[in-house]
Amino acid sequence: EDKVVQSPLSLVVHEGDTVTLNCSYEVTNFRSLLWYKQEKKAPTFLFMLTSSGIEKKSGRLSSILDKKELFSILNITATQTGDSAIYLCAVTGANSKLTFGKGITLSVRP
Amino acid sequence: EAQVTQNPRYLITVTGKKLTVTCSQNMNHEYMSWYRQDPGLGLRQIYYSMNVEVTDKGDVPEGYKVSRKEKRNFPLILESPSPNQTSLYFCASSVNLPPSEAFFGQGTRLTVV
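Sequence order for the protein chains is A and B. First residue of the first sequence: -12, per the working numbering; consecutive thereafter. First residue of the second sequence: 41, per the working numbering; consecutive thereafter.
Isolated chain B (complex conformation):
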């Protein structure tokens, strides 16, 4: 089954404790991206990647890092999480460019206390 898998689905952590949210897709898609969704602000792109070793900043990259060492994986790293990074995070992948029919992961609800 074609899917984008994110882990964990829910995470509560403390300020400053490094964490990684994993994202994996099994469709051999080249384009992958990360979003955060906040009430009243909609979906905002954090980082995206058009292929292995190619990543670019989206609209809200501050406080986040990503890497794309393999085509299928695109982890999101928060080196020193802060409460303003409490949000719902989505990973997505797309078969072509410009991105279309994006497949979204089920989301990660992150709370930083």
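For reference, chain A alone in the conformation it holds in the complex:
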């Protein structure tokens, strides 16, 4: 059974801090790893990673995948209150089935 574990489950930081969110996985026939941000309702896509060692970057957010050690990290630098959300990690395995982790709740205090 495919499995995705995210850590920590929640954290509280102050504006300006840098945070690192972790995602480890076990999946049959790995195809991709996805990161999403969920604020009030529907998740919104952040990154898709398929190759090890290649950093994806968008503004203050960046992510990298390690296929040998089976994990990914999502970094957020200079955090802002608008970064407060649940961050979801998902992996795609055999037959394009998606498995999500439980999510990391990030709270950024002013």
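Think of the hints as simulated: they come from the structure by calculation, not from any bench. A couple of the hints might just be wrong.
What the hints assert, rightly or not - Label-pair restraints from in silico Cβ distances:
#	chain 1	residue 1	chain 2	residue 2	range
1	A	Glu(-12)	B	Asn136	22 to 28 Å
2	A	Gly40	B	Thr126	19 to 25 Å
3	B	Gly56	A	Thr64	50 to 56 Å
Virtual Cβ for every residue (Gly too), placed ideally from N, Cα, C.
Chain A is fixed; fit chain B onto it per the hints.
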């Protein structure tokens, strides 16, 4: 505007009364899927479809049915809803495989009493 539309957004129903949650996308995406989200359990995939007439079970398919007769629509059917199906449901679609940049609907909050 590219979007995934779910209806209804909120629904309260009684145990055993059949219901359908509709999902429609206007992006000509081949991949569509349904998820439920519960506190402490995260998002769990119910069913997914890689194309018309092609559907597969996700992690929690029991008690649900789906159909994909047209590319744009992917309804979720609860033949005999039970209280443990009270949840927040999301439909999503994706332009390619493996699924990426998934577009999510706004969610359906279902309560079964």
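Structure-based check of each hint:
1. Glu(-12)(A) - Asn136(B): 22 to 28 Å: 25 Å, holds
2. Gly40(A) - Thr126(B): 19 to 25 Å: 43 Å, violated
3. Gly56(B) - Thr64(A): 50 to 56 Å: 52 Å, holds
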